[in-house]
Structure formats: structure tokens, C-alpha cells
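**Student:** Please build the complete structure, drawing on both the sequences and the hints.
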Amino acid sequence: MDNSEVIIDLKGVSFVYHGNHSQRPVLDNLNLQISRGQRVGLIGPNGSGKTTLFHLLMGLLRPNQGEILVFGKKRQQEKDFREVREKIGLLFQDSDDQLFCPTVAEDVAFGPLNLGRTQDEALEITRQVLKRLGLEEFEDRLTYKLSGGEKRLISLATVLAMQPEVLVLDEPTTGLDEDTVERLIQILRSSDLTYLIASHNREFLSKTTDTVYRLAQGKLARAT
Amino acid sequence: MHIDNFASGDSLLHRLDPRLKIVIAVLFSVIVAVADKSLCLATAVCFSLALLLIARLSLREVFLRLLVVNAFILFLWLFLPFTYGGEKLFSIGPLDATRDGIIYALQITVKSNTIVVALIALLATTPIITLGHALSHLYVPSKLIHLLFFTVRYLQVLHLEYDRLRAAMKIRAFRPGTNLHTYRSLSYLIGMLLIKSFDRADRIRKAMLCRGFHGEFYLLSHFKLQKIDVVMLLIMMLVVGGMASLQWIILK
Chain A
-17 MDNSEVIIDL
-7 KGVSFVYHGN
3 HSQRPVLDNL
13 NLQISRGQRV
23 GLIGPNGSGK
33 TTLFHLLMGL
43 LRPNQGEILV
53 FGKKRQQEKD
63 FREVREKIGL
73 LFQDSDDQLF
83 CPTVAEDVAF
93 GPLNLGRTQD
103 EALEITRQVL
113 KRLGLEEFED
123 RLTYKLSGGE
133 KRLISLATVL
143 AMQPEVLVLD
153 EPTTGLDEDT
163 VERLIQILRS
173 SDLTYLIASH
183 NREFLSKTTD
193 TVYRLAQGKL
203 ARAT
Chain U
389 MHIDNFASGD
399 SLLHRLDPRL
409 KIVIAVLFSV
419 IVAVADKSLC
429 LATAVCFSLA
439 LLLIARLSLR
449 EVFLRLLVVN
459 AFILFLWLFL
469 PFTYGGEKLF
479 SIGPLDATRD
489 GIIYALQITV
499 KSNTIVVALI
509 ALLATTPIIT
519 LGHALSHLYV
529 PSKLIHLLFF
539 TVRYLQVLHL
549 EYDRLRAAMK
559 IRAFRPGTNL
569 HTYRSLSYLI
579 GMLLIKSFDR
589 ADRIRKAMLC
599 RGFHGEFYLL
609 SHFKLQKIDV
619 VMLLIMMLVV
629 GGMASLQWII
639 LK
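Those sequence lines, one after another, are chains A and U.
Take -17 as the starting number for the first sequence in our numbering and just add one per residue.
Take 389 as the starting number for the second sequence in our numbering and just add one per residue.
Since the hints were derived computationally from the structure, they do not count as laboratory data.
Treat the hints with care, as some may be off.
The calculated lysine-lysine pairs, modelled on DSSO-like cross-linking and capped at a C-alpha distance of 30 Å, are [stated by the list, open to error]:
id, chain 1, residue 1, chain 2, residue 2
1, U, K594, A, K113
2, A, K61, U, K594
3, A, K61, U, K612
**Tutor:** Structure follows, in C-alpha cells:
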């Protein structure tokens, strides 16, 4: 695979939340390029628009201005983003938002089933992913009875089960103990995915990413 | 939270195929609800008590649940005997209690307790998630089932959110009383819960979209009837059928 291929390209993206027109935009003429294999960190104060940026990338929000190119194609409508969501996996800040099925196995299988896999294939993928993350014993557990750390890892499993090419993680270490953070670092390091992580945890970013950007006043800058 | 309190046992009823338990529970409840012959109702009482014994549930817990049911029925006893027409039995002040009214109230009491006991023994002995799956295999519309699943899944989250808000109020020395400050604070609490649920629903929808959701849900678990299931189904059908024939054929 060509390592310099740009797979995510945001050009002059601006975004203002509804009813906030008098205020400054959350994102102001922002540019971002991510190439295949790149591991990018994103820091920025609370409310600086990190989550907004991710939601724009996934097509959950639409920019007021600018272009979003993913895998070389311009993405504008819901149907353009459907393909994006198959290839980019987003891990939400709050795992309770992500895990909504009764059991772990059903939740992990949800993505693959949506992508048109058969039940057997989906179960097979579920088992593989859980095994890869060392979570085999969780298959039949009820999602609402998991601990915070377990929920985060299972959420990651639900995203990985879609076999994405890019991972986007929104504050993945919040509320996790050291061991779970360490586990997360190992999982990320051993993967060959392109990823983009928003976090306040500098140490975590320095261990998992090679480029770190700072988002402030709606713009991105290389962080030092 | 007390979901699935009774579901953790290991009795014959716990192991029975949930699909047939649902079928029996529905048939039984409908028959008991419309029946008025004493013999039929007596059979029903025996049947539900037998189920309770087979399920080996804590009788104290079941009794506590029944208290809740009977709290509602108490109100019936306050009104029914005095408003129902028929032969006068006794009077309290200007109010006349009728014989038919008392019989009617008694019937309702027996019926509701019988149905609740049977439902506890049959349905509460299956985890609610499994019940949902069983319902979908019985062709209940998937929208209803997913409503059930989402409710179970997020009841816990909402409850935790409520606990957090309550704790936040408590640590700032909030003590409920009968005053405007209490009413206002409690309505803020409820309002905040509603807004938070709304936001959460939105985030869940987004998370589902990110995983390729397009309006279709898939089920993973399947059930298989065992020999014991068939035997129990036959026995219970016989009892329920017997009740129906007592009501509509034999005692007609």
C-alpha cells in the first residue's frame, strides 16, 4: 500500500452550532490531512471542538463551509458518509452511548451485521475481535453490568469488529485506570491502523501517536 | 435496580423454554381475567400456587411484590361494595354495601393475585433479555421488542444519572420538605433528567449510524425445544384447557 496516500483531507472547514450565530464558529477554516498509516493525536481545551471535528468527519454533522474528502472522494450527503462509516470507526467519549445491545456479543456483532455479514460470519468476527483484545470471557455478559473500563474495551471491540481502515478515538482514556490505559496502548501499538486520537493525556498520546496537533480557536496547529 | 431479581434460580421453570412460558402466561391470564365461575378460579389459584412452588422462589419476595398489587386493589374495596347494585348486606352511615359488590371485589382480588403470581413464576424466572428474544421468535413486532431492549439497557443508565443528581443535591445539604424550594429543585431534577435522556438518545443514534445502522436489527440467539419443554407444555395446556372448559362448557 502507498504510505503517502492522503486518506482524510479537510479543506477550509468551518462549523457553527445552530442558534449560536452571534458567536465565534467552533471550527474556523480548518485544514487537516491524514495519510495512510499516520497516527495523529489531537489536544485542545474542553469545548475546543475536538468532538465536533470527529462528528463532521463521520457525517454526523455537516460543515457550514469547506470540503471533506475521505479516501479521495468528496463527501457531502448522508449516502456518501455511509461508506465513510464502514471504513472509519469512531469510539465515542461515553461508552454507554456506544453499547446499546443487551449482550456483548450482540453489540460487537451489530456492525458486521449492518455491513451485510451473515449471522455466522458476524459471530465468528465477534469471537476473533474479543479474543484479540483478550476479552473472550465477556461474550455473553450483559452490557449494562460491565464496569467503566470493560465498557470502553468492549466499545473498542465493537468498532474494530467493523474492520475499519481508520480509527477515531474520542478521549479514550477518560475514567480508565492505569492498567486499562496500558492495555489500550498495547492494543493501539500492535495494530497497523491509521488513527486519530483526541485526548488530554499527553503521556498517552506520546506513546501512541507520531504527530500531535493542537485545536484552539477553531484552528489546528502542530503542537510542540 | 431490581430487574431480573427472580431470574437467577435454577428450577424446572427457570430452565423451561421462554417461548412456551410466554404462551402459557398469556392464555392463563386471559382466561382468568374473563372467568367468573368459582371452580374455574379455584383451579387457577391452585395452578399458580403450584407454579410458584415449582419455581422455588423466595416466598417473602413474592409476598412483597403482591403487597404492591394489593395496594391498588385496596381502593377497589373502598368503592366497589358501595357502588355496585344488588342485595343490601350492611351499611356504614349512608352507604349501603351490596352482596354482589363484595363478591365482585373479591373476584377481582383473587384474579389479580393469581395472575401476578403466575406471571412471576412463569415470566420473572427468565431474564428480561431472553424474554425479548423469545417474543421476537413469537413474531411480536420488532419495534416493540427493541423498545423493550432499549428500556432495559438505559433504565440502569438513567437510574445512575438520577442517583448522581440526587447525590449532588444532597452534598449541598438539600433536604426535601413541603416548600416551594423543594418543588422547584425536584422539578429541575426531573427536567435535567429529561434533557439528558434526550441528548443521550441523540448520541446513541449517532453511535449506531457510525456502525452502519440502517433501520434493521438482527437477533443472534435461537431457542430449541427440549423433551421436558414439550412435556411441561402439554401438562400446562391441559390445566389451562381444563380451566377454560370448566368456565365455558361444564358449568354453563
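**Student:** If a hint holds in the structure, say so; if it does not, say that too.
**Tutor:** Here is how each hint holds up against the structure:
1. For the given pair, K594(U) sits about 27 Å from K113(A) by alpha-carbon distance, which is consistent with the 30 Å threshold.
2. As the CA atoms of K61(A) and K594(U) are separated by approximately 15 Å, the hinted pair is consistent with the 30 Å bound.
3. This hinted pair does not check out: K61(A) and K612(U) have alpha carbons roughly 40 Å apart, beyond 30 Å.
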